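Undergrad: With the sequences and hints as input, model every part of the structure.
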Amino acid sequence: MSVKILLVEDDAWLAELYQTALEFEDECKVFTAASADRALEVLDQHSDIDLIILDMFLPEHNGIEFLHELASYTDINIIPVIVLSSVYKHDFGMNEERWKHYGVVKYLYKPSTKPKDLLVEIKKQISASVV
Amino acid sequence: MGGANNDEFPNSESQQLIASVAHELKSPLTLISGLSSQLQNPAIDPSQYKQYVQRIQFSSDRLLGLVDSILRGYELEQHMLELNLEPISPQLMLEEVAHELEPHARKQAQLIAVRGTRHNQTVMADKGCLHAVLFNLLDNAIKYSLPESTIELEARLRRGQAQLVIKDYGLGIKKTDLKKLFEQFGRFQRPVPQWATTTGLGLYIAKQLTEAMNGSLELTRRKDGSSFLVNLQLSHQASLFEL
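Residue numbers (this note's numbering), protein chains in the order written: chain A, 218 to 348; chain B, 23 to 265.
Certain hints may be false.
What the hints assert, rightly or not - Each computed DSBU-like pair below joins lysine-lysine, with the alpha-carbon atoms no more than 30 Å apart: (1) A:Lys246 / B:Lys149; (2) B:Lys129 / A:Lys221; (3) B:Lys72 / A:Lys331; (4) B:Lys129 / A:Lys246; (5) A:Lys333 / B:Lys245; (6) B:Lys165 / A:Lys246; (7) A:Lys306 / B:Lys72; (8) B:Lys48 / A:Lys317.
What the hints assert, rightly or not - If you want the footprint, here are the derived chain A segments under chain B, 3+ residues with CB under 8 Å: (9) 233-241; (10) 330-343.
Unchecked claim - A short, non-exhaustive set of chain B residues, derived as facing chain A with CB atoms under 10 Å: (11) Ser49; (12) Thr52; (13) Tyr96.
By construction, these hints were calculated from the structure, which means they are not laboratory data. No experiment lies behind these values; they were computed from the predicted model shown. By construction, the Cβ of each residue, glycine as well, lies at the ideal position given by its N, Cα and C atoms.
TA: Laid out in structure tokens, this is it:
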């Protein structure tokens, strides 16, 4: 599997943990961004990102603001997004249609998601998008 | 941006407390859990193994620091906290807390600089409580400082008192948020849902504990960040006062 992933996570140790685990296990190429602004820059520089993994609590602009901005980019809004957050999905008060509009294909609760669980979900989403 | 449904938020104080404490503890626990799961990978290389173990150790210590301050805040509320006020070097206490949280700052490429002091005055404080206050304030400063910025700590004399300064270069605090900052569940305007942000409880506890030690906690707002000021009585003042 050769997959390019953009990991948007402001906790440097968690970002490194996921990046190492994903790149070691499955030869993924992981780009990291510690802020929403930096993530948009990475997307500008790399048009071949297959998947975005997104933390919601980010400095300056949060995950929702990032998704909103992403949705306005018609050329890159087809990239699937896996949200990885320490807050329950229902706490954001958005319905499924809204999440779907933002390209969110899966919402994972961070404290109970091990790196290997994330990898399983990535494989699932990538194979779904290939089919 | 999608609005949050207020009906789903915890309403009572006890619900808010549980939600706030739980969120406070989630971050280090998530890291401990993730790192531990990777340690079970037999293919992990020795240097990475050592690094992960150190990070687990640090995250556990940080978790203990947070739990300790939450418990002290609770004991104070319940009038169960017994303070043991004694002369303490503020400089040494700042250095101790800086040392404890230095790995937390380093992971965001931040630097903690403890300025040297020109005096050797001691303050009257409860060691555990002062530790909890400074731990909370520095943890908060790290959380809201910009990457690669410096957080400056200083123990100085002001208006005949000791003033412990935690100065950050961060996102700053909105003027409208200043009033509610030290409330029990006061929040900055942060990403939704607002109850889940973690600033309120830590600063509230820091303020309550400082006041219990006959001190005060102030915040000065700058364009490029914030400074938290912990004012405490000097130990010689306290003894003169008691005479």
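Undergrad: Look at each hint and say if it fits the structure.
TA: Evaluation of the provided hints:
no.	hint	verdict
1	A:Lys246 / B:Lys149	violated, 48 Å
2	B:Lys129 / A:Lys221	holds, 24 Å
3	B:Lys72 / A:Lys331	holds, 19 Å
4	B:Lys129 / A:Lys246	holds, 22 Å
5	A:Lys333 / B:Lys245	violated, 43 Å
6	B:Lys165 / A:Lys246	holds, 28 Å
7	A:Lys306 / B:Lys72	violated, 35 Å
8	B:Lys48 / A:Lys317	holds, 27 Å
9	233-241	holds (count 5)
10	330-343	holds (count 3)
11	Ser49	holds, 7 Å
12	Thr52	holds, 5 Å
13	Tyr96	violated, 23 Å
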